[in-house]
Amino acid sequence: MKLTELASVIRSKNAGPYLLTLDVLFKDRACYEKFKAAGLMTEKKAAELYGINKDEVLSVIFFDPADALKITLNRPIVSGGYGDTDIYGAQQHAPLLNWKFDFEI
Amino acid sequence: MINPKEKIFKVLSPTAILGYGFPLDSFANGMKEKPDLIAVDGGSSDPGPHYLGSGKSFTDREGVKRDLAVMIEAGLKAKIPVVVGTCGGSGAKPHLDWCAEIVREIAMEHNFSFTMGLIPGDINPEIVKDAINTNRIFPLDHQTPLTEDKVDQSIHIVAQMGIEPFIEAHDQGCEVILAGRAYDPSGFAALAVMKGFDQGLALHMGKILECAAIAASPGSGSDCAMGILTEKSFILKPLSLERKFTRISVAAHSLYEKSDPYHLQGPGGSLNLEHCSFTELEEGMVKVEGTLFEASDKPTIKLEGASLAGYRTISIAGTRDPVLINTIDDVVEDVRERVQSFFPDMDINNSLHVSIYGARGVMGALEPEKVKGHELGILIEALGDDQNQADTICSMFRSTLLHYGYKGRIATAGNLAFPFSPSDISAGEVYRFSIYHLMETSGEILFPLTLENINGGKDETD
Chain A
1 MKLTELASVI RSKNAGPYLL TLDVLFKDRA CYEKFKAAGL MTEKKAAELY GINKDEVLSV
61 IFFDPADALK ITLNRPIVSG GYGDTDIYGA QQHAPLLNWK FDFEI
Chain B
1 MINPKEKIFK VLSPTAILGY GFPLDSFANG MKEKPDLIAV DGGSSDPGPH YLGSGKSFTD
61 REGVKRDLAV MIEAGLKAKI PVVVGTCGGS GAKPHLDWCA EIVREIAMEH NFSFTMGLIP
121 GDINPEIVKD AINTNRIFPL DHQTPLTEDK VDQSIHIVAQ MGIEPFIEAH DQGCEVILAG
181 RAYDPSGFAA LAVMKGFDQG LALHMGKILE CAAIAASPGS GSDCAMGILT EKSFILKPLS
241 LERKFTRISV AAHSLYEKSD PYHLQGPGGS LNLEHCSFTE LEEGMVKVEG TLFEASDKPT
301 IKLEGASLAG YRTISIAGTR DPVLINTIDD VVEDVRERVQ SFFPDMDINN SLHVSIYGAR
361 GVMGALEPEK VKGHELGILI EALGDDQNQA DTICSMFRST LLHYGYKGRI ATAGNLAFPF
421 SPSDISAGEV YRFSIYHLME TSGEILFPLT LENINGGKDE TD
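Taken in sequence, the protein lines are chains A and B. So the first sequence is residues 1 to 105, counted in the working numbering. So the second sequence is residues 1 to 462, counted in the working numbering.
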């Protein structure tokens, strides 16, 4: 299945000029709990989805109060730096939309 | 819900960024609640380093003036302070001056008289150098140590002020407070903390209110929101029937633009949300409890600086040729090498960047997708030490690519479709973040308050 079947919001944004943070807000507590328990998202998986080194993934955090998952990456180029392509970091979420995984709900 | 005997403190947040506007009905609904404070965030580092470097605001002057006029009139009438943090978008001296000039203009046009407090957010470079030499500077989210050269190159250096300078301004009876660069929640929380409310709750409420109705559902950056602080909790209240706060909308806002949703760092300490609860009440309100403020051992402030990186020239073109599309990466590399040969004294890799839209234009190095579109957009970006140099590099690359005889070429009249004539655009100064570091403070007054009596009334001798 795809993450879009479980989540209502999938977004990316700067967390300060040097970091990029990805938020996944699940449709409900049940989807969130099951996904979290399945252990599908790890730093290794995030690195794989973005084709980057695992060291570039700073954290994968499950945030229970919002039924949410947060992944934070180093930006390849600081916001507004030479060669940066997304000043706000708001269009870096697509690899999460395309991610297919084995999961029963 | 709220014990009528309980002490409460109400903050009206009109809009997410001063100048983004707000519906007057929502604002009037907020004023009917008899707030204790009107506070607004005036800026963000999100639009990039250009604004801090250039001293210009990313917000529109007319928008800012309109918002401020409504807020100041209401604040004076209700005898409650109006606070603006991070004035002018980036909160350096030219930004604060810009905002203060708008306020003076409003006062003259509307005959308002009041005491204005101005709190600059600029940090003297010598103070930063002293901190470098006494090992009190630490890089934030990156590994580059700060050097005296970088300090010297920085056109503006600001720091995010905490609640203390705002408390000083409230204490002096300022009716309008304009601050330079500030930690977003500071201007929302200071007066409440001064009146004895819990600092963790006050700051967390400010953290949400600084984005006004963005944390509501549906979210909006240009609608008002109200925060009601009590002794043990705070309540978020929508001010328009269009939207409500929900447990998820509020909790999710703790994620927004943050790397760690449980621990939000700020000047003087951090907010711990590990034991926070979010409860939905009637009428679209949400109650938040359990936020803890954890003071840091050593007080630190976050420094931001921007320096001139050079001058930019860009050219935008497209291709619809399948042969070129298939081989575009190799062609760009070949043309880059040829242009490099025209400039043997410089490393073209630092001055020429090409984004291929339809391939990796949006995600660059983070793009995992290999498939390309049936047409590609090509953005050529040249960076020079001056505008002429940038123009020349851009022009060389553009003309070489236009007529480059790549392998397998069938269409020999020209490789690029240009939407504009002239095809190249001189885009002016480019700035970069030069400082993004924490500074441990050593007790000096970094944010000195000045008072200004604004007399917009008719001359008193009349």
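Derived by calculation from the structure, the hints in this document are not laboratory data. Among the hints, a few may not be true.
Unchecked claim - Subject to a maximum C-alpha distance of 25 Å in a straight line, what follows is the list of computed PhoX-like cross-link-like pairs (lysine-lysine):
id	chain 1	residue 1	chain 2	residue 2
1	A	27	A	2
2	A	44	B	232
3	A	2	B	10
Unchecked claim - Covered by chain A, according to a simulated footprint, are these stretches of chain B (three or more residues, beta-carbon under 8 Å):
id	region
4	48-59
5	276-284
6	350-359
7	384-393
8	427-441
To be verified - Calculated Cβ distances over 10 Å to all of chain B for the following chain A residues:
id	residue
9	13
10	36
11	84
12	86
13	100
As the structure is a computational prediction, the values presented were derived from the model and not from experiment. A virtual CB, placed ideally from N, CA and C, is assigned to each residue, including glycine.
So which hints don't hold here, by number, going up?
-> The structure conflicts with hints 2, 3, 7, 9, 11 and 12, although it agrees with all the remaining ones.
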